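Chains G and E are the protein sequences, given in the same order. Take 1 as the starting number for the first sequence in my numbering and just add one per residue. Take 1 as the starting number for the second sequence in my numbering and just add one per residue.
Certain hints may be false.
Restricting the straight-line Cα-Cα distance to at most 25 angstroms, the calculated cross-link-like pairs of lysine-lysine (DSS-like) are [unchecked claim]:
| id | chain 1 | residue 1 | chain 2 | residue 2 |
| --- | --- | --- | --- | --- |
| 1 | E | Lys41 | G | Lys71 |
| 2 | E | Lys2 | E | Lys41 |
| 3 | E | Lys58 | E | Lys25 |
| 4 | G | Lys75 | E | Lys18 |
| 5 | E | Lys58 | G | Lys53 |
Calculated from the structure, these hints are not laboratory results. Bear in mind that the values here come from a model prediction, so they are computed numbers and not experimental data.
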Amino acid sequence: MSNKVLSCGDFLKLLNDYVDLNVSEKESLLIGEHLDACDSCKLRVTNAIKVKKMIKSTYGVGASIIDVRSKVMSKIRNRDNVSVRSDKNVDLSSKIMSKITEKRKPFNAVKFSLSMMENYKVLSIAVATLFIITATIVYSQAESKKLMAARSKIESYALEHSSTAPTDYRASTNSIADSIGNGITPVNFSE
Amino acid sequence: MKTDEKIIERVLAGDISKFEMLIEKYQTQIFYVAMNISRNKDTAEDIVQDAFIKAFDKLQTLNERAHFFPWLKRITINLALNNYDKNKRIVDVEVEDSEVSFFDRLPDDSDPESIMINDELKRYVRLYVDALPERLRRVIIMREVEDLSYEEISEILNIPLGTVRSRLFNARQVVKDRLIKQGLTDSLVSRTAN
Ligand SMILES: [Zn+2]
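One chain only, chain G, in its complex shape:
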């Protein structure tokens, strides 16, 4: 490469090295000069880097989809080789370690109280449910008693006033019924 200004052809020969950061300091200076003056080559660089990034991102590491730990470890441990004896020692120690930690677990106070709370939770849910059901039954019975009372009041009112035959009795019974509760059809006394 001469010391002179790069042509586009000269630059294109260096494009790959340039985007891979493989150019010398001297080349880098010449390239910089050329890119300052040449928009086409500047775009070529942008696109070359774009393509690089796209490939990297397409084939790059995503979510973990394999776990070979146990397979590899058991293969390493189960082979017949010189290091078997030391392997077994290590195996034993890890077994002892895991047994120690396992033993500790049942005496964990937090865990114990948590399990008690778990039992208590179930019990309290059952009690609450029973209470709600009972309350609902009692309430609805009281309600229907109220309704019955109201209905007989309407009936007696209507009977008392049927002789005078007010034109608006139907409307008045309706509004009374509405005020008591929905869905009560007033008895039609006109028949």
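Fit chain E with the ligand to the known structure of chain G by using the hints.
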């Protein structure tokens, strides 16, 4: 978190269970390295296992313990390449023509770092890269995805440096041309250097 050096030290001292930490740490990355060469999930998983076992066996030969990962990556690439040559399946990927101009959806930003690559674009990139002749595909994957230097690629594939350059040039050119055909407006970019 323990450094690789410390973990390796423990493993070499006889506590082989510590090796599991290295597997956990690197298996995903190594899986992708294997997957990108073998192009088969099951094969890749086997390669990952073999790579870790080989690494375990050769752990004593690793001088720079801090460089465990690049070393493991090299082992994986070599295993994947050998495996590929053994099985030599011809994967015929058809390159479909689509009217969709996905290049238009790229933000027209001069800062390439800000490029957000959507799934559809990735599908096309994969299509075009996978459609490359295997000798070109390997080089571009090793360079762009595994970040290996020209020298490292030359060494692993046992080809001259000049061949790495020309293959990389051709691979990039083909992929770029395909992407341009899909909608990049500036045709200047598709012209070859020669
Ligand atoms: Zn130019």
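Okay, the hints, checked on the actual structure:
no.	hint	result
1	E:Lys41 x G:Lys71	holds (16 angstroms)
2	E:Lys2 x E:Lys41	violated (30 angstroms)
3	E:Lys58 x E:Lys25	holds (18 angstroms)
4	G:Lys75 x E:Lys18	holds (15 angstroms)
5	E:Lys58 x G:Lys53	violated (34 angstroms)
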